Structure formats: structure tokens, C-alpha cells
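K.L.:
Here is what each chain is made of, one letter per residue.
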Amino acid sequence: MKKLSFIMVAVFFLISASLAAASTLEEVQKRDVVQCGVSTGLPGFSNPDEKGNWTGLDVDACRAVAAAVLHNADKVKFIPLTAKERFTALQSGEIDILSRNTTWTLTRDTSLGLNFTHTDYYDGQGFMVSKKLGIKSAKELNGAAICIQAGTTTELNLADYFKENKMKYEAVVFDTSDQTVKGFEAGRCDVLTSDQSQLYGLRIKLAKPDDAVVLPEIISKEPLGPVVRQGDDGWFNIVKWSLFAMINAEEMGISSKNVDEMKKSTNPNVRRLLGLEGIKGKGMNLSDDWAYQIIKQVGNYGEVFERNVGAGSPLKIKRGINALWNKGGIQYAPPIR
Amino acid sequence: MPTEDSSQKTAWWNNTHNRALLFQLLLACAVSLFFVFIANNTVHNLDQRGITTGFAFLKQKAGFGIIQHLIPYTENNTYGRTFVVGLLNTILVSGLGIICATIFGFIVGVARLSSNWLVSKLAAVYIETFRNLPLLLQIFFWYFAVLQALPSPRQSLHIGDSFFLNIRGLYLPRPIFEHGFGWVVGALFFVLLAIIIIKRWAGKRQEKTGEQFPVLWTSLALILSLPTLAYFASGTPIDWEYPVLKGFNFKNGITVIPELAALLVALSVYTASLIAEIVRSGILSVRHGQTEAAYALGLRPGKTLRLVIIPQAMRVIIPQMTSQYLNLVKNSSLATAIGYPDLVSVFAGTTLNQTGQAIEVIAMTMAVYLTISLTISYFMNWYNARSLLKER
Amino acid sequence: MIVHTPHPNLPPPSTSVGIIGWIRKNLFSSPLNSVLTLCALYIIFKYVPPMIRWTLLDANWAGSTRDACTNDGACWVFIKVRFHQFMFGFYPASEYWRVILAFGLIGALIAYLLIERTPKKSWVAAFTIFVYPIIAFFLFYGGLGLPVVETYKWGGLMLTLILATIGMFFALPFGIILALGRRSSMPIPKALSVVFIELWRGVPLITVLFMSSVMLPLFMPEELRIDKLARALIGISLFQSAYMAEVIRGGLQALPKGQMEAADALGLSYRQAMSLIILPQALKTVIPGIVNTFIELFKDTTLVLIIGLMDLLSIVQSAFADPKWLGFSVEGYVFAGLLYWIFCFSMSQYSQRLERKLHTGHKR
Chain A
8 MKKLSFIMVA VFFLISASLA AASTLEEVQK RDVVQCGVST GLPGFSNPDE
58 KGNWTGLDVD ACRAVAAAVL HNADKVKFIP LTAKERFTAL QSGEIDILSR
108 NTTWTLTRDT SLGLNFTHTD YYDGQGFMVS KKLGIKSAKE LNGAAICIQA
158 GTTTELNLAD YFKENKMKYE AVVFDTSDQT VKGFEAGRCD VLTSDQSQLY
208 GLRIKLAKPD DAVVLPEIIS KEPLGPVVRQ GDDGWFNIVK WSLFAMINAE
258 EMGISSKNVD EMKKSTNPNV RRLLGLEGIK GKGMNLSDDW AYQIIKQVGN
308 YGEVFERNVG AGSPLKIKRG INALWNKGGI QYAPPIR
Chain C
3 MPTEDSSQKT AWWNNTHNRA LLFQLLLACA VSLFFVFIAN NTVHNLDQRG
53 ITTGFAFLKQ KAGFGIIQHL IPYTENNTYG RTFVVGLLNT ILVSGLGIIC
103 ATIFGFIVGV ARLSSNWLVS KLAAVYIETF RNLPLLLQIF FWYFAVLQAL
153 PSPRQSLHIG DSFFLNIRGL YLPRPIFEHG FGWVVGALFF VLLAIIIIKR
203 WAGKRQEKTG EQFPVLWTSL ALILSLPTLA YFASGTPIDW EYPVLKGFNF
253 KNGITVIPEL AALLVALSVY TASLIAEIVR SGILSVRHGQ TEAAYALGLR
303 PGKTLRLVII PQAMRVIIPQ MTSQYLNLVK NSSLATAIGY PDLVSVFAGT
353 TLNQTGQAIE VIAMTMAVYL TISLTISYFM NWYNARSLLK ER
Chain E
14 MIVHTPHPNL PPPSTSVGII GWIRKNLFSS PLNSVLTLCA LYIIFKYVPP
64 MIRWTLLDAN WAGSTRDACT NDGACWVFIK VRFHQFMFGF YPASEYWRVI
114 LAFGLIGALI AYLLIERTPK KSWVAAFTIF VYPIIAFFLF YGGLGLPVVE
164 TYKWGGLMLT LILATIGMFF ALPFGIILAL GRRSSMPIPK ALSVVFIELW
214 RGVPLITVLF MSSVMLPLFM PEELRIDKLA RALIGISLFQ SAYMAEVIRG
264 GLQALPKGQM EAADALGLSY RQAMSLIILP QALKTVIPGI VNTFIELFKD
314 TTLVLIIGLM DLLSIVQSAF ADPKWLGFSV EGYVFAGLLY WIFCFSMSQY
364 SQRLERKLHT GHKR
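Residue numbers (the working numbering), protein chains in the order written: chain A, 8 to 344; chain C, 3 to 394; chain E, 14 to 377.
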């Protein structure tokens, strides 16, 4: 009878499991969909609407990969993950890319079996407080109750910052960012801390967004970017260069609107990017027009930024350090050649 | 010799004994193979994905704050200490929950049996409402819908200058024990000892002579009088530290964080509804003849309940109650949903996430609950064996 | 001669019959009871009218936006707008009929089995156990010409029901095996069953779900990818089967030893004795226990929220974050609570009725 149960379990596994090929690229091509781990809802980065359509900067990073690999930016399956389960989901192969406002740190890059590809958003931790308190600087926060999301680098930065400034705080830890907002709104804590970009995103979730202010201090470096599993360099390159292609496209002035025109350009840089000459997609086992597909379907980095978090969005975050290197920022992509 | 004949005729695999042996052997092989398979996969996966293993992480600096800690804890302490802090918080909420749920459950259970129609029906409505709702939903309701409607610290509800209630929690004065408090504690111990002796003596005397001694009243009088006397004699050695509003929050005093309050209320209310049913069925399980016999012997209703009904009902109640206590301890792990820093929330939550060592952390967490459960069930089995009805 | 003509019986005093009598007997029989009654009345009058006003009289029913909620009472518009999501999660609207059909079918099958004296019960039962799951799989998931709806789009009440029924479907046979194993005279199956049962019963479901969502992938070969929902189901089924095993063991233990001895005496093999004599009797007596376990499981499915599955409670909770609909959490919780309550209450009533009906046989 025990054996019977084993057979049952085995059958169950077979029904629900699919045998996968060795390399992520082949697997994705066979499956015809990219599995992308995103947040459970963070405006501007990854947020589902009422119909379950996902939008945001992190979402577009995955869509770019789908455009490059599968020629269709919509062939992405978005899997919402809590902060706690995100790394395991990637380690175990449940997702191909983790694009979930994840901070690049030494520990995560080296001891979790993961590889960070590149930074698609340079962020830093900030504080949001109620306007009523009349606080101008984070240095005045001694003794405050602070809402944070569990399992994030924010928790650690916060401890460091308060220790360094010899201040005390009371950490109120929640499981999801939605809950932190609710706690903040109800007055459970005085301060909401998170990556500054998120604060702008969370602020529009408040009933009265204007009653809260984001303090100017940034207490940490939070480079956010897509993450892949360690040990599959081919896939690592694809995700990394999908991002680089978008940044390069912005630098060269190629956008989703003019990309077809730009095909006629004589600029060798543009021609190389669009796969008309040079190395093309061979090194990554992709078709020659991989970058063209990204730009056509998703857009260049600037477009993506403006659409999701910048002026064209409710968040209205300025480009700041996320501007291109030649425009006063630090976004810089290696050349395509 | 028919048996011998048949055993010679049947092939060895048709012998029941051999078949059982073979089956067990196969089963043992299958199970060990299964475990080897899992261990193999795990080692391979961990190795290939470059995930750190081992328990070295317990000695690393944790670097995150925990809102409620019963032992001193700062960000500089280790992950190992976060384990202890979480464990103690789990024990705190479970212990308080068990006490509240038992008291409340007993009251509701007795109310359910009340001859008062209205009270009985109210108790029924309470029981049927709360035991048919998921606990997690109840926790969320108390935390997000009820407690967050409390005022902000500046508009706290308060009794005088010592008790404050607001959305950040309940603030109580903290007793500070000064020199000389030992006398009060000593007096209390002395009284307890005296009560035990008096009780023994009263019991013996009643067996011999049938005379009764008002043990309860004597004990109450002793408990109230002697320590109070000692307290004043040693010069009122308790000082109170009152909570004061300073900066953002209240400082000093004892703080009951709302996460603890919500969890405690939800756990007690839910478990009480189950305990009430247990109490009711326990009392109903004592046959009515017992009551009649007690009345026939001239016992008054109060004594009947205390000396005849309850002791017999306890035999039915205790085992079921223990399993409810076990459930309560396990249910306290739902704390993670509202951020009360219990073992699952702190250790299997934040620590797991910061270190990424899922296997070690989950295994340790499970081991803790398993130990608690096995200890309680061991104790329960022992009690059951002891209180078993001695039938002749 | 003295003829004794008894005085005709007087009617009982007016204070001990009728409404007044009932009130006196049931509400004011003693000073203590009178006080309790007054307290209870106070509680009722203090809390019930405002509750009715909030939920019904002052509530807002019409409209489709937040602005429609002008009254003081509950804003049921919020529930109305999100109703489909609460029922089906992100399941595509054009495929709702599949879910409704699957649940309608199982509902009809179970009703048929529960109603007494319906013909061909065993065939219907066999159909429910062996054929229906296959039909349901294709209806829910897709295939055979139906478009595939991936499990991550499943949610709401539908997911809650799926989790509970599938968990039960696997827990029952597995629980029977474990219960038999625990009562077996062979040491190895017995030891394995005891360890298995005590292990799962000793830990909270949350850690089991954590384990199945976080650790299970590490236990499996690399090539084997198990769907997130399937992993949660594995965890729930293992956990539930341990509880089921204990319920069934209770039924087995309550059975007099003579039954097994009689079966032995008739020369029945272990399998025959179990399937023909012991299990039918034991299972009959534990049906209420099984239903109660199912109620527990139904309530416990809410915990999948913690591993990020969108069950009813979880999807209601996430709807609170919609900036267009802030501040309606009480309505959401009340709605979800009502649904859970209806399911659990009706099941527990059924189980109690069954218990009374079965309270005839071998109960000591």
C-alpha cells in the first residue's frame, strides 16, 4: 500500500511538472515564454492592473528579454513574489529572471548562487514622513517608529544609519509593501522607509498623497537590476545585453517610434545595434535583429523610464543619476561592437 | 498435522510470515532510497547553485532591529540570538493565549449550558461565529480593521497619567523593585507554604472527623494580609515608572505592541470558541444520574458541580484541551502575517531572507515546534494514563 | 355516603404558562439570572442595531465608483466592482463557464451521493473519484481544445475550493494507509507511520508551506520543476493526511476486536478483512470527524497567502491596496468572512446531524 502511495505521488509530479532542457535559453525557447519574477505590486516597477496586466520598469526589463529571445515582448509570464521567496524562486528555476527591485549586494551576488546582470535603476534608501510632523531631515527621527518591509536590505541599512547617528528607532516590520503603506497611513509608525523610488510609488497609494513628504536624505546605495541564476553564462549575457541595448539605443537617439527609419542610418554604431552589420546576435545564439525587436516593442531606456516612473507616470521621478552618462547621470552601457 | 502439511505445500512467498518480512524489507528499501534520492538532489543542487551551507551563520551579526525582545537584543547581536528572541516571543504569546483562551472558553462553555435562554443563545452565537471563521482572517480583522482605528499617540486614550492606549500600543507603568522587596516575596512564599500545609491538615481532619475547614477563605485572607503587611513594613519597596510622551512616542513603562494585542485577542477568541464546545461536551458527558445521586446525598448545587461533575468532566476535557493548546502554539506562527516578531516571523522570515539558508533555518524552526508538541503530548499521555477510569 | 367529587383542576397560574411563564422560567428564574439577562439585553441593544444599520440600512449598494458611497454605512459597491476577481482571481472572464461547470458538476455529484436512497450510488461514487478529477483538470487548466489557463491566474474563492478539495482528495487515501500502518503489527510500517504522523502534526502549517515553497525545489532533481500551486498542494496534502490518519485511527480503535477476529475466523485475508469488514465500519463512524477535518483544512487554506498564492482572503486583502478604493477593509473582511462562515457553518451542521444519526453503533 505504501508503494501505491509512491506511485500516486510520482504521477502527481508528472502531471504538474515539465521536464526542462539544460540551458535556460533553450528552455525558454521551447516553452515560448519567459518566466519573470516580479513584486506583488509596486507602482512604477511592477504593478498589475485590475485585469492582471503588468506594467513597470522591472516588467519592461523582462519584456525586453522576451522581445530579444522570442520576438514578442508579450510572451512573459509574470510571477508575483514576496521579498522572502524571491531568491529561492530563482534558485529553484521557477523563474528565469528575477526583476523585482532587488538590490545588488556582495552577499547576494556571491553566496546565494545568483548573478546580478546590470543596474536598471540607481536607487537609494529614503524616508517618508507625514507633513504634519514638520520634519525636515532624517536626523530628527530619533525615537520614531518606522515601518519597513521584511527581508530587505532596507532593514539592515536602517539599523546602520541609526547606529551611526546615535539614534534609536522602533522597527515595525510588515510582509508586503502594501501593508507598510497601510501601517503608515493608520499611524502605526511615523516614518516609512524604503528605496526612494518606491516611496514615490507608495505615496500615490495613500488616500491623501500630499500629506506625506519624502525626506531629502538618501542613506544607502541601492542599485536595482535583474538577476539570473549562476552557472548559465549564455542567459546571463542575454539579460545583461538586453538592458545595454536599451541604454545604447537611448544614447544613439533610437526610439520605438523612429527605429524603422534609423535602419536607413549610415552610422555604424546604429547599424551594429540594429543587427545590420557587425557581430549581430550570434554570440548569444539570438537572431540578428534582437536589439531591433527590443527597441521596437519595448522602447529605449529613456522611453521606458519616462513611461513608468518619470514624467509620463503618476510617480514623476526625475532622471537624476539615472540619466545617461553624457547627460549628467551614471547610466552607461558598454558599446555594441 | 494439518498445519505442517499446509506449510510444506505453500511456497515460501505465500507464507504470511515471510510475506510480511519481504514487504517490510521492500518498504524499508523504498523509503531509504527515497531519502537518498532527496539528499543527493539537495547536495547536488546546493553545490551547483553555490549556496552556502552549515550553521556558521548563527554566529554572524544579524544587523536588523526587532521591535519586541524579552532578552536584551540589539542590531549587533547574532542570528543565533534572533532565534532565541523569536522563540521567547512565541512562548510569550502562546502562554498568554492559553491562559486567556482557557478562562474565556470556560466562561462561554458554562454560559452555553446556562438555564438562562438569552445567555445560552448569546454564547451559541459567539461559538458558531468564531469557530467557523479562518483564524488568519480574524487576525487581520483585529489588526487592520479594529486596532488601526485607535487614535494617534498624541490623542491617546488614557486613565490618569499611568495607562495610555493608542495605535502604537498599550502603555503601562513598570514596577521597579527596590531593596527590601525580598521581604514581600519571602512573605508570599511563606504564605503559599502555609496554605499547602493547612490544606493537607484540613483534608486529613475531614477524613477522620468529617468536619470541614474553610480552606479557601483562610488562604485568601492569608494571601492578602501577610504580603501586604510585609510590603508596608519594609517601606513600600515598589516604585513605578510611568510612560511619558517624549518626541514621537511614549517612553518608559511597559509597552504592549498592537501586533501582540491583535494576535493575542484573535488567538484567544478563536481558541475560546473551541474550548467552550469542549467544556460543554465534557460537562454533558457526565451522566445526569451523577447529579441526582449527589443531590440525594444532600450536596448543594455548587458543591455538586465542584466535587462531582467537574472532576469527572475533566477526564473528557483535558485531552481535548491539550490538543487545543497545541494548536494554539502552532497557530501563533500566523504572527508573521501581521509582523509580530515570533519565531517564524523573525527567524524563518527575516533571518532566512538575509542569509538565504532555507534548509537550516526551516529545519531549526520545525524542530522547535516539534519539540514543544512532543513534550506536551508526552505529558498528556502521562496524565491520561494516570487519570484513566479505574474499571474493575 | 360521602361522594368525593374532586375539584376540577385549576389552570396553572398565569405566571407559569404562556409567554410570561416562559420568560420567568428562562430569563428571570433567579436574581443572578435576572442580572445576566439584563446584561445580555444591554449588549444586544448596544451592538446589534448599529451593526444592522451599518450592513444593511445605511449601506451603499448602487453605483460603480467610490463616489457612489455617500451614506455612512458599508460600501458594498467595492465588493460589487471586484466580485468577479474575488470569485475567480485573474482567470480570464471568457473562461469563467469552465470553473462554474466544474464546480456545478462536483456539487451535483456530491449532492447525489449525500441524498439517501438514490440508485447506483457506487457507480456515481466511482465516477466522482476516478473520472471527475480528470474532467476537472482539463476544465480548470485547459487542454483538449480548451485554452490553457496557467495556475498563477487562478485565485479567489475558486482557488480556496480547489486547495481544500484536492488536499482532501489526496489526504483521505493517504490517511487510511497511514492509519492502517500505525495499527499494523509489523514494526517497520508502524514506525514509519508514527514518525510521519507525529512529524507533520507537530509543526505549524506555515512552516510546511514554507518548506514546500522554498525547500521542495531543492530536494528535487534540477530538471523537475513543480508548479507553485502543486507544491502548495503537496504540502497541504502531506500535512492533512497526518491529521486524517489520526481521525481514521480513532474509528479503527473504536471498532470491537471481535470484528477482526471474526474476519480471521472466516479465513479472510488481511486485505479482504480490511476492505470488507473493518474499513467500511470504521469509515462510517468517522465521517463526522472527516468532515470536521475538512472544515479545518478549509479554514487553513487561507495560510497560502503567506507563500503568495491568491486565495480568497489574499485577493480581498490585495484589493485594499487599490488607490481608488482605499479604506474599505472592513467591508472586504466582512464579505470574505461571510463566505467562509457559510461554508464552514453548513458543513459543521451537516457533520453534527450525521453524528446524531450515526450515534447508534459501536460507540462506547
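Any given hint could turn out to be false.
[As the list claims (entries may be wrong)] Facing chain A, a subset of chain E residues (Cβ under 10 Å, in silico):
#1 Thr68
#2 Gly102
#3 Pro105
#4 Ser107
#5 Glu108
#6 Tyr109
#7 Ile113
#8 Ser226
#9 Met228
#10 Leu231
#11 Asp240
#12 Arg244
#13 Phe333
#14 Ala334
#15 Asp335
Treat the hints as calculated values from the structure; they're not laboratory data.
Keep in mind that this is a model prediction, so the values were computed, not measured.
Just so you know, even glycine gets a beta-carbon here, dropped at the ideal spot from N, CA and C.
K.L.:
Determine for every hint whether it applies to the structure shown.
P.N.:
Verification of the supplied hints:
1. Thr68: Violated. Min distance 23 Å.
2. Gly102: OK, holds: Gly102(E) within 10 Å of chain A, min 8 Å.
3. Pro105: holds (9 Å)
4. Ser107: Since chain A brings no Cβ nearer than about 12 Å to Ser107(E), farther than 10 Å, the hint is violated.
5. Glu108: Since chain A brings no Cβ nearer than about 13 Å to Glu108(E), farther than 10 Å, the hint is violated.
6. Tyr109: At 14 Å from the nearest chain A Cβ, Tyr109(E) fails the 10 Å test, so the hint is violated.
7. Ile113: Constraint on Ile113(E) not satisfied, violated at 19 Å.
8. Ser226: Holds: closest Cβ of chain A sits about 6 Å from Ser226(E), inside 10 Å.
9. Met228: Since the shortest Cβ distance to chain A is 8 Å, the answer is holds.
10. Leu231: holds (6 Å)
11. Asp240: Because about 5 Å separates Asp240(E) from the closest Cβ in chain A, which is inside the 10 Å limit, the hint holds.
12. Arg244: For Arg244(E), the interface hint holds, since the closest Cβ of chain A sits about 9 Å away, which is under 10 Å.
13. Phe333: For Phe333(E), the interface hint holds, since the closest Cβ of chain A sits about 7 Å away, which is under 10 Å.
14. Ala334: Given a least distance of 4 Å, the restraint on Ala334(E) holds.
15. Asp335: Because about 8 Å separates Asp335(E) from the closest Cβ in chain A, which is inside the 10 Å limit, the hint holds.
When held up to the earlier numbered hints, the structure conflicts with 1, 4, 5, 6 and 7 and fits the remainder.
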